[in-house]
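Engineer: Sequence lines, in order, name chains A and B.
Sequential numbering of the first sequence, starting at 1, is according to my numbering.
Sequential numbering of the second sequence, starting at 1, is according to my numbering.
Calculated directly from the structure, the hints in this document are not laboratory data.
Keep in mind it's a predicted model, so treat the numbers as computed, not measured.
There is no bait here: all hints are sound.
Below are the DMTMM-like pairs computed for lysine to aspartate or glutamate, each with C-alpha atoms no more than 20 Å apart in a straight line:
| # | chain 1 | residue 1 | chain 2 | residue 2 |
| --- | --- | --- | --- | --- |
| 1 | B | K623 | B | D534 |
| 2 | B | K570 | B | E580 |
| 3 | B | K597 | B | D587 |
| 4 | B | K244 | B | D536 |
| 5 | B | K652 | A | E131 |
| 6 | A | K145 | B | D716 |
Beta-carbon label-pair distances, calculated as ranges:
| # | chain 1 | residue 1 | chain 2 | residue 2 | range |
| --- | --- | --- | --- | --- | --- |
| 7 | A | G10 | B | A611 | 47 to 57 Å |
| 8 | A | V16 | B | D654 | 49 to 59 Å |
| 9 | A | V16 | B | E58 | 22 to 32 Å |
Stretch-level coverage of chain A by chain B, calculated; a stretch enters the list once three of its residues show a Cβ under 8 Å from a Cβ in chain B:
| # | region |
| --- | --- |
| 10 | 32-41 |
| 11 | 128-135 |
C-beta atoms are modelled at their ideal positions from N, C-alpha and C, and glycine is treated no differently.
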Amino acid sequence: MAKLEMTVNGRKVSRVVDDRTLLAHFLREDMQLTGTHVGCDTSQCGACVVHVDGKAVKSCTMLAAQASGAQVTTIEGLSSGADLHPVQRAFNEHHGLQCGFCTTGMIMASVDIIARHGGDLDEATVRAELEGNICRCTGYHNIVKAVLAANAEMHGASQAAE
Amino acid sequence: MGIQGIGASVARKEDRRFITGAGRYTDDMVVPGMMHAVFVRSPHAHATLGKIDSAEAEDMPGVIAVLTGEQLKADEIGNLICGWAISSKDGAPMNMGEWSPLAVGKVRYVGDAVAVVVAETRAQARDAAEAVMVDYDELPVVVDALEALKEGAPQVHDNAPGNLIFDWEIGEKAATEQALAGAAHVTKMQIRNNRLVPNAMEPRAALAKYDRAEDHFTLWTTSQNPHVARLVLSAFYNVAPENKLRVIAPDVGGGFGSKIYIYPEEIVCLWASKRTGVPVKWVAERTESFLTDAHGRDHLTEVEMGFDANNRIVGLKVDTIANLGAYMSLFSSAVPTYLYATLLSGQYVIPAIHANVRTVYTNTAPVDAYRGAGRPEATYLLERMMETAARELGVSPAELRRMNFIREYPYQTPVIMCYDAGDYEASLDAAMKAADWDGFPARRAEAEARGKLRGIGMSCYIEACGIAPSAAVGALGAGVGLWESAEVRVNAVGTVEVMTGSHSHGQGHETTFAQLVSDRLGLPLDQVNIVHGDTDKVQMGMGTYGSRSGAVGMSAIAKALDKVETKAKKIAAHLLEADEGDIVIEDGHCKVAGTDKQVPWFQVALAAYTAHNLPDGMEPGLKEGAFYDPSNFTFPAGCYICEVEVDPETGKTDVVQFVASDDFGNIINPLIVEGQVHGGLAQGIGQALLEDTAYDASGQLLTASYMDYAMPRAADLPSFNVGTTVTPCPSNPLGIKGCGEAGAIGSPPALINAVTDAIGVRDLTMPASPRRVWEALQAKA
Ligand code: FES
Ligand code: FES
Chain A
1 MAKLEMTVNG RKVSRVVDDR TLLAHFLRED MQLTGTHVGC DTSQCGACVV
51 HVDGKAVKSC TMLAAQASGA QVTTIEGLSS GADLHPVQRA FNEHHGLQCG
101 FCTTGMIMAS VDIIARHGGD LDEATVRAEL EGNICRCTGY HNIVKAVLAA
151 NAEMHGASQA AE
Chain B
1 MGIQGIGASV ARKEDRRFIT GAGRYTDDMV VPGMMHAVFV RSPHAHATLG
51 KIDSAEAEDM PGVIAVLTGE QLKADEIGNL ICGWAISSKD GAPMNMGEWS
101 PLAVGKVRYV GDAVAVVVAE TRAQARDAAE AVMVDYDELP VVVDALEALK
151 EGAPQVHDNA PGNLIFDWEI GEKAATEQAL AGAAHVTKMQ IRNNRLVPNA
201 MEPRAALAKY DRAEDHFTLW TTSQNPHVAR LVLSAFYNVA PENKLRVIAP
251 DVGGGFGSKI YIYPEEIVCL WASKRTGVPV KWVAERTESF LTDAHGRDHL
301 TEVEMGFDAN NRIVGLKVDT IANLGAYMSL FSSAVPTYLY ATLLSGQYVI
351 PAIHANVRTV YTNTAPVDAY RGAGRPEATY LLERMMETAA RELGVSPAEL
401 RRMNFIREYP YQTPVIMCYD AGDYEASLDA AMKAADWDGF PARRAEAEAR
451 GKLRGIGMSC YIEACGIAPS AAVGALGAGV GLWESAEVRV NAVGTVEVMT
501 GSHSHGQGHE TTFAQLVSDR LGLPLDQVNI VHGDTDKVQM GMGTYGSRSG
551 AVGMSAIAKA LDKVETKAKK IAAHLLEADE GDIVIEDGHC KVAGTDKQVP
601 WFQVALAAYT AHNLPDGMEP GLKEGAFYDP SNFTFPAGCY ICEVEVDPET
651 GKTDVVQFVA SDDFGNIINP LIVEGQVHGG LAQGIGQALL EDTAYDASGQ
701 LLTASYMDYA MPRAADLPSF NVGTTVTPCP SNPLGIKGCG EAGAIGSPPA
751 LINAVTDAIG VRDLTMPASP RRVWEALQAK A
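Can you build the whole structure from these sequences, using the hints too?
Structural biologist: Structure representation (structure tokens):
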């Protein structure tokens with residue numbers, strides 16, 4: 001068994017889990033944070049993406065024990081209360097989701113993509129960066145649109161100020 | 001149209017829960033005392049089942065039961081069935097082999113469920129499943145349908161000699177042969193439609209809970225049609241009578257057909273929950289999904305199309321072999337017959353058509369409906385033929401199609417379908433314009449200068465949606481009716497709940513259905529809730545598939561709304577002392593037309609429930625239900641144009657432009673309709689360019705993970721150029737045709753036509769992988 005201490009969505013948690021527990025399963029089953037989804041068993045679909053210490057990580061590729069001491073943010077912690085994160089809002093406005101299963105991972109990955117590129121994003125870059133996230137419903141068209149729109153919203157203001 | 005009513009691109013109401021992680025899928029459900037099921041599955045494609053030794057597994061930590069097919073049979077759980085009876089042309093009924101939810105006596109494909117382990121945790125159940133010892137005596141294997149029909153092939157089911165399930169035909173054989181014999185030109189092709197794995201991103205799952213005190217079951221499951229699941233589980237699998245079984249399909253993460261069927265796992269979880277006395281949850285791992293979700297397509301066809309000296313089609317002869325896998329899944333028999341061969345007239349006047357279809361057992365996963373179901377196979381066939389014929393005849397593919405279009409309606413095809421409305425030329429012209437068809441030679445030349453081979457291809461598809469009327473499909477062998485139900489409940493404060501038998505697993509019904517209500521009653525969307533997916537809340541329904549929820553599901557709502565409006569108008573007329581015929585409902589009020597007399601909607605609703613002042617003899621309340629059975633299929637149609645660039649060095653194909661021009665009839669929410677088209681296109685382009693399902697000769701699935709099965713990713717696809725033309729559907733009150741499958745139906749031939757144009761070859765098997773394209777180029781050189 002492994003003892004964990006981590007911060008999940010701003011809250012300190014400490015738990016004892018089976019050594020082999022994946023971070024994805026820990027979040028879903030021990031923390032009841034079921035917005036993180038599991039869509040494959042080969043770490044390729046991206047439905048499970050969360051942020052660990054600010055970086056997008058496929059939570060099925062990581063043991064919960066490896067995240068001990070880390071700050072973990074899941075989709076549930078991305079925004080608070082009534083305010084949605086700009087990426088969440090853009091997915092809604094541009095119809096970037098259908099069944100919603102890939103969506104939470106898509107959004108977490110997209111937030112990271114936008115952060116890493118600091119506003120410098122085009123369609124080809126977004127498509128290339130989404131390589132690790134599979135969506136079977138949308139054909140990606142509206143997801144790409146949503147990410148670019150959120151990027152413009154998040155960086156438009158700062159760019160204008162520069 | 002109002003800003004939220006019919007025709008408005010309203011952002012979806014249901015999105016909030018999904019984008020915040022608050023969606024509730026089956027695997028998110030937790031009930032007290034819940035335990036976990038893991039299935040022991042056959043590693044062999046064909047074997048006699050010997051002793052199952054579970055002693056060691058039963059002793060492992062957390063394990064509470066290991067159950068097998070013998071126990072299941074002892075409890076009289078029924079075999080899985082195919083619900084659509086098709087007879088061979090000699091009148092013999094189809095040869096349906098036995099399919100026990102847990103194998104008895106024999107296993108027939110890799111993944112066939114042999115036993116189930118129930119344990120406290122998933123990990124414990126998985127460990128114990130590894131420890132169950134099963135004796136298998138391997139048998140010879142057959143995976144290819146053509147091989148399975150050969151003399152001496154291994155027999156999958158004893159009651160299907162030669163592995164033939166049925167040998168069926170439609171159309172006029174003699175007339176077709178005569179037409180081809182007299183044709184000025186005959187185009188012949190052999191066409192394979194590759195086997196696909198649907199791959200909804202949410203794996204299948206089931207959570208079954210048995211309440212001993214009430215002798216009652218609850219099943220949460222990943223279903224596109226929970227009422228059909230309940231009906232079949234009760235009527236055929238002997239799990240429990242309908243009044244003792246509640247089926248809930250909560251948020252469902254995509255289906256594309258694969259979640260229509262009732263699979264062994266739901267049956268076993270229900271049964272195991274009663275046997276063990278604990279709630280039992282099973283969630284598929286992705287590998288299990290690849291192995292056991294019903295696959296799609298897998299046809300091999302010989303086809304001939306004849307033309308007269310003026311390039312008019314005179315006849316079409318089709319001979320198809322369809323691989324149905326190891327067992328007949330719930331609607332498997334209908335897919336290569338009534339959902340396929342009845343569409344073989346396409347958009348064209350074809351005086352004589354004959355199709356023969358043989359369905360075959362093999363040692364592979366069962367095959368059933370996958371997005372489009374039969375219609376993509378028909379479209380692929382016709383549109384590859386039209387393009388190839390145009391090249392052989394030396395005419396423009398657009399003009400060959402144009403001159404053969406059906407132009408008068410209703411149009412009775414030689415293969416059952418009667419098209420009610422359409423304008424194929426409008427779609428063709430719109431697509432050619434959007435694609436800048438005339439500018440293609442310049443683009444080709446420009447690509448050539450860069451060392452790329454550029455090609456253009458088109459496809460003009462038609463499909464049949466709604467899957468109805470009930471009496472007609474009943475006469476063709478369907479075991480169920482294909483109507484839809486709805487109940488509109490107006491609450492005492494005027495807000496509305498709609499109970500629908502349609503099920504949304506990505507289609508956005510919570511928004512589009514509410515738009516209809518908003519349009520009719522003039523209420524804001526947030527005052528309308530759509531309730532679906534629970535047999536305790538919605539009395540009965542047929543579910544969502546075949547692009548039927550708009551045309552059939554919403555028509556049922558419209559019919560129930562008619563009744564609500566009639567009653568509301570009576571109440572309003574009484575309150576306003578006006579004539580019922582003068583009352584109109586708009587902007588949230590009942591008004592006397594042409595006057596300023598009005599009463600707010602909520603007061604009419606309140607009056608219905610206080611019942612203090614109702615017209616004489618009127619029952620209190622404002623709630624109406626309706627069943628809607630359509631009078632015909634609907635016939636969405638359109639034209640797709642694809643442009644590709646092939647790198648001759650590597651054989652890699654890039655889709656550089658994709659134009660879709662669809663006629664879906666009237667549209668409720670353009671934003672959602674476009675999304676449906678995008679998704680369908682991605683699946684169709686996936687089929688044509690990337691996806692393939694490969695079994696080796698021993699029946700092992702080689703493409704059982706995302707490492708090996710090429711799912712389309714964002715970088716594999718372009719942004720799409722989609723547009724619509726409209727001929728309203730005359731067969732339902734809303735004029736809707738349906739949009740869910742078109743993209744997947746129309747796109748594969750457009751893409752292959754473009755690739756073959758680019759590289760200058762006639763035949764190319766899907767998917768057009770770099771290797772296939774490169775080899776085709778080398779063979780040509
Ligand atoms: S579940 Fe983590 S990548 Fe698929
Ligand atoms: S929205 Fe369904 S998988 Fe992406």
